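Chemist: Take a look at the letters that make up each chain.
2 protein chains.
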Amino acid sequence: MEKSIVLLSGGMDSVLTLAIAKQSFEVAALHINYGQITEDKELWAFNKLCDYYEVAQRLIVDIKYLTQIGGSSLTDKTISINDANLSNQDIPNTYVPFRNANILAIATSWAEVIGAKGIFIGANQLDSSGYPDTRLNFFEAFEKMIDYGTKPETKIRIYTPIINMTKKEIVQTATNLNVPLEYTWSCYRNNDIACGTCDSCALRLRGFEEANLTDPIDYLIRPNYL
Amino acid sequence: MEKSIVLLSGGMDSVLTLAIAKQSFEVAALHINYGQITEDKELWAFNKLCDYYEVAQRLIVDIKYLTQIGGSSLTDKTISINDANLSNQDIPNTYVPFRNANILAIATSWAEVIGAKGIFIGANQLDSSGYPDTRLNFFEAFEKMIDYGTKPETKIRIYTPIINMTKKEIVQTATNLNVPLEYTWSCYRNNDIACGTCDSCALRLRGFEEANLTDPIDYLIRPNYL
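Residue numbers (the working numbering), protein chains in the order written: chain A, 93 to 318; chain B, 93 to 318.
Do not take every clue at face value.
Copies of the same chain look alike in the list, so a pair counts if it fits in one copy or across any two.
Quick list of in silico lysine to any residue cross-link-like pairs, SDA-like style, CA-CA up to 25 Å [stated by the list, open to error]: (1) K133 with Q149; (2) K209 with Y157; (3) K133 with K156; (4) K247 with G222.
Hints were generated in silico from the structure; no laboratory data involved. Quick caveat, the model's predicted, so the values are computed rather than measured.
The shape of chain A in the complex, shown without the other chains (with noise of 0.2 Å):
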């Protein structure tokens, strides 16, 4: 079996493409660290993940430098997350400048070194948060330039399956494939139980809704958000 990376943020749509990934590919699974305000939850996450995943190789990289560059809601304490406004197509001040592009980087400096063919992101353009750097021509711009920026011999491929997923389709396929979803987390702003009302919350409880599906982690409030 060939290697790739598989981006584990511990986030359900980072499992949800591991559990993929590992039907066709010996996984390596990176996490990144990226000064979030939730960084201890989510590496609660991804080695709870690992674990059930039996996933031996594993990185965790500190890039804390984001936090020096700011610009998000994510990284500058000093910006407070707003609550969600799924209708509201602007793109929300969680956007960490150009994140997705510094993460694949380090996940192409990784697959070079071990020799893995392919990496694993867990984007989606449908119900995401408008996010310039989820989008399908973002990655395949990015794959050409792999091409150019590596070795001859190295031959990485990005591999996005569930971009065109909607949250809905997400939870119900996870649901079909066994993944542990109480072992993920979602939320942006607390590291306990999760506030129900960012950004990330609302898609995640939406996305159960739309599945009729109940959501197996806590929160302190659930609105109805359909």
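Following the hints, put chain B in place on chain A, whose structure we already have.
Modeler: Below, chain B without anything else, positioned relative to chain A:
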């Protein structure tokens, strides 16, 4: 004047690039510590050069995760740095996998936050060591990827003003522009006196020889590379 970011390692190529950028832009300087052996000396050079060119906006970013990833004699101390062999066309073991993409991703994040319109990088595809991430087609592909991965209103160009210069031309142009080459550092091995025999010293010394000029810094030995 619009703002641009200059990647300033502290080497000869990067400071010439800074001198060129200063002619048309307000400059912000970015320095990357990636766990290289000569980090202390490069940081000294960075600060000396920023002082000389009166660059107020400076950012020093730590990406020591490249030492976790390894795969290069610059970031893995168990791999020894070979003496230069300037006629060898193979990629030497000083190649840090995909390093420039990691660095450009950081620069792009910073550019998007501070509103910089350009990123200057002193890459050189002629008298370089054959690294894949120093070639023009790599930078062109990166610039396209930036367009897809940043906000719609963000437009960032990558400038590579010395990419087609020989080292001889770099030495000549820097001298003509009164670049303080005594504050630069190129050696891969040492933090005190340049070795004179690593790939980077060899390319630099050959450039000075070809230009019929004398390198102002000290070397342990100065072999004849012509």
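Chemist: Classify it for me, K133 with K156: is the Cα-Cα distance of at most 25 Å met within a copy, between copies, both or neither?
Modeler: Answer is both: 16 Å inside a copy and 23 Å across each meet the 25 Å cutoff.
Chemist: When no copy is specified for K209 and Y157, does a C-alpha distance of 25 Å or less occur within a copy, between copies, both, or neither?
Modeler: So K209 and Y157 pass the 25 Å test across copies only (21 Å; inside, 28 Å).
Chemist: Is it within, between, both or neither when you check K133 against Q149 at 25 Å Cα-Cα?
Modeler: within (20 Å within a copy, 34 Å between copies)
Chemist: 25 Å Cα cut-off: does K247 pair with G222 within a copy, between copies, both or neither?
Modeler: Answer is between; shortest inter-copy Cα gap is 18 Å, intra-copy 30 Å.
Violation of the numbered hints given earlier is absent; every hint is satisfied by the structure.
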